[in-house]
Amino acid sequence: MIKKTYEEINAKIRAGEAVVVTAEEVISMVREQGVEETAAAVDVVTTGTFGPMCSSGAFFCLGHSKPRMKMSRVFLNGVEAYAGLAAVDAYLGATQIPETDPDNKNFPGEFNYGGGHVLEDLVAGKEVLLEATAYGTDCYPKKKLEKMVRLEDLPQATLYNPRNAYQNYNVAVNLSDRTLYTYMGILKPNMGNANYSTSGQLSPLFNDPLYRTIGMGTKIFLGGGVGYVSWQGTQHSPDALRGENGVPLTPAGTLAVIGDMKQMSSKWLRGVSFMGYGVSLMVGVGIPIPILDEEILKFTAVSDEEIFAPVVDYSESYPQGLGETIGQVSYAQLKSGEISVGDRLIPTAPLSSYRGARDIAILLKEWIQEGEFLLTRPVFTIPASSEKFNYKGAI
Amino acid sequence: MKQKMVLYFPSTTTEQPFTYYLIKDYNLMINILKANINPRKEGRAVVEISGDKKDYLAGLEYLQSRGVKIFPLEQEIVWQEDRCTHCGACVVICPAGALVLERPEMEVKFLGEKCIVCEHCIKACPSRAMEARY
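Chains as they are written, first to last, in the numbering used here: chain W, 1 to 395; chain D, 396 to 529.
Treat the hints with care, as some may be off.
Unchecked claim - Dumping the calculated DSSO-like pairs for lysine-lysine here, alpha-carbon to alpha-carbon at most 27 Å: (1) D:LYS504 <-> W:LYS267; (2) D:LYS448 <-> D:LYS436; (3) W:LYS188 <-> D:LYS504.
Said to hold, decoys possible - Facing chain D, according to a computed beta carbon distance under 7 Å, are these residues of chain W, among others: (4) TYR183; (5) ILE186; (6) PRO347.
FYI, nobody ran anything at the bench for these hints, they're computed from the structure.
Don't be surprised by glycine CBs; every beta carbon is placed ideally from N, CA and C.
Looking at chain W on its own, in the form it has when it is part of the complex (with noise of 0.2 Å):
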């Protein structure tokens, strides 16, 4: 039996003698020399994904005015962002457009711009409009403000998205006769297509499907930065029905992230827009998994044959929430570009980046490598069960 302990592996990478493999190089040292003698040689295996994450956003400390001011009311670049917190902070969300945004009303909506790109231009470290008005008070007489800022002049910026990094996700087809603009992207009539959104073999929490090593504290990679897992995530479901491997057969586990975002990249951070549905922001996620043990390994190396998604009707089953899917289909066929359902063949298209997720996979290994990251064992593991956290159920 292999053992190893956090410290055990710290020693070995701040001594630069680490063995750190990606998630996608696992599956194969596993397939020619067993579980046993890669446990025995592998320390951390990386992983990585880099696709559309909606519950994303930041907080701001904005900085005070001379005089000063409670900001109640707060835009940037024209997106509004949450200002009902203390006088100078305020919270943005991915999905927020201007409100001069024409939206659907000359279905489907471009969305050009929103929140997700407010993001990427402040960590790309573009000027950014500050809007600012409040009713004024005796200890915050400032009722108004308008200044051009960027990240750096900011006190804090502080990436926090409340679900990332979905463990499992529908794929998306359209029964209807008409084209459907959804946040799963074009969806043409008949089937005329099919998209997906996880990474597949390298994808976080498909390589510790028990959430084993993931938990509050788990130092990862966030956007091209630093960051921490600080929760499980909104919507995290770990009751979902699982495959002999562990790993669930629909969208399951999720998780609430947090970074500096002061240290991030706009290659990892990227406002998206989808036609007729709204704004987006691609994030950028890491997480390394310690291999303390073979059952640790051995969930590593899970392929993309064995990891399933359900297919699911985007113009019944999921916005009237009917819970129905008409199939089952592997991340290798997903990834082939076509999958059969029923007697058809139907092109798949992804929404999450493949290539980004190893490009990411990959940099957490070098940053590994080089003895500057090191693991941290979480102060809890984030619920592998509803029955010890009070669950409601996922809408």
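Dock chain D against chain W, hints included.
Below, chain D without anything else, positioned relative to chain W:
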């Protein structure tokens, strides 16, 4: 010889029956992929012209002699690689097979010679990496 191209018609030329003469006098096959031609306004068309090399060159010379400007197709739609996240959302939208996901790398490639300038990709690309230039 077979080639896709963009024809630009200055406003003074849009009422002339170029297609008729290309077929009748130059024995060329004209496939109009996309056209926006209005009376007394400048217009443009994406066409595929095929025929013998001699006829083809003579036909093009005829068009140019009448003031029609000819541009290569791939300059019309530009793939801004630095904006592309290689997600792949475009590949099922492109009807011409010009946007493809190369396997096993899972990298998006734009094959300009296959593009028919339908512009479906421009709004379908979440990160707005495709741009129309004319």
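*asked:* Tell me if the straight-line CA distance from LYS188 (chain W) to LYS504 (chain D) falls inside 27 Å.
replied: 22 Å, holds
*Under 7 Å, Cβ to Cβ, is where PRO347 (chain W) needs to be relative to chain D, so tell me if that hint holds or is violated.*
Since chain D brings a Cβ to about 5 Å from PRO347 (chain W), closer than 7 Å, the hint holds.
*Proposed interface contact between ILE186 (chain W) and chain D, which counts if any beta carbon pair is under 7 Å*: Because about 6 Å separates ILE186 (chain W) from the closest Cβ in chain D, which is inside the 7 Å limit, the hint holds.
_Restraint check, 7 Å cut-off on beta carbons, for TYR183 (chain W) near chain D_ = 10 Å, violated
*Compare the distance between the alpha carbons of LYS504 (chain D) and LYS267 (chain W) with 27 Å, and conclude whether the hinted pair is satisfied.*
19 Å, holds
*Does the structure keep LYS448 (chain D) and LYS436 (chain D) at a Cα separation of 27 Å or less?*
Since the Cα atoms of LYS448 (chain D) and LYS436 (chain D) sit roughly 32 Å apart, the hinted pair is violated (cutoff 27 Å).
Hints 2 and 4 from the earlier list are contradicted by this structure; the remaining hints agree with it.
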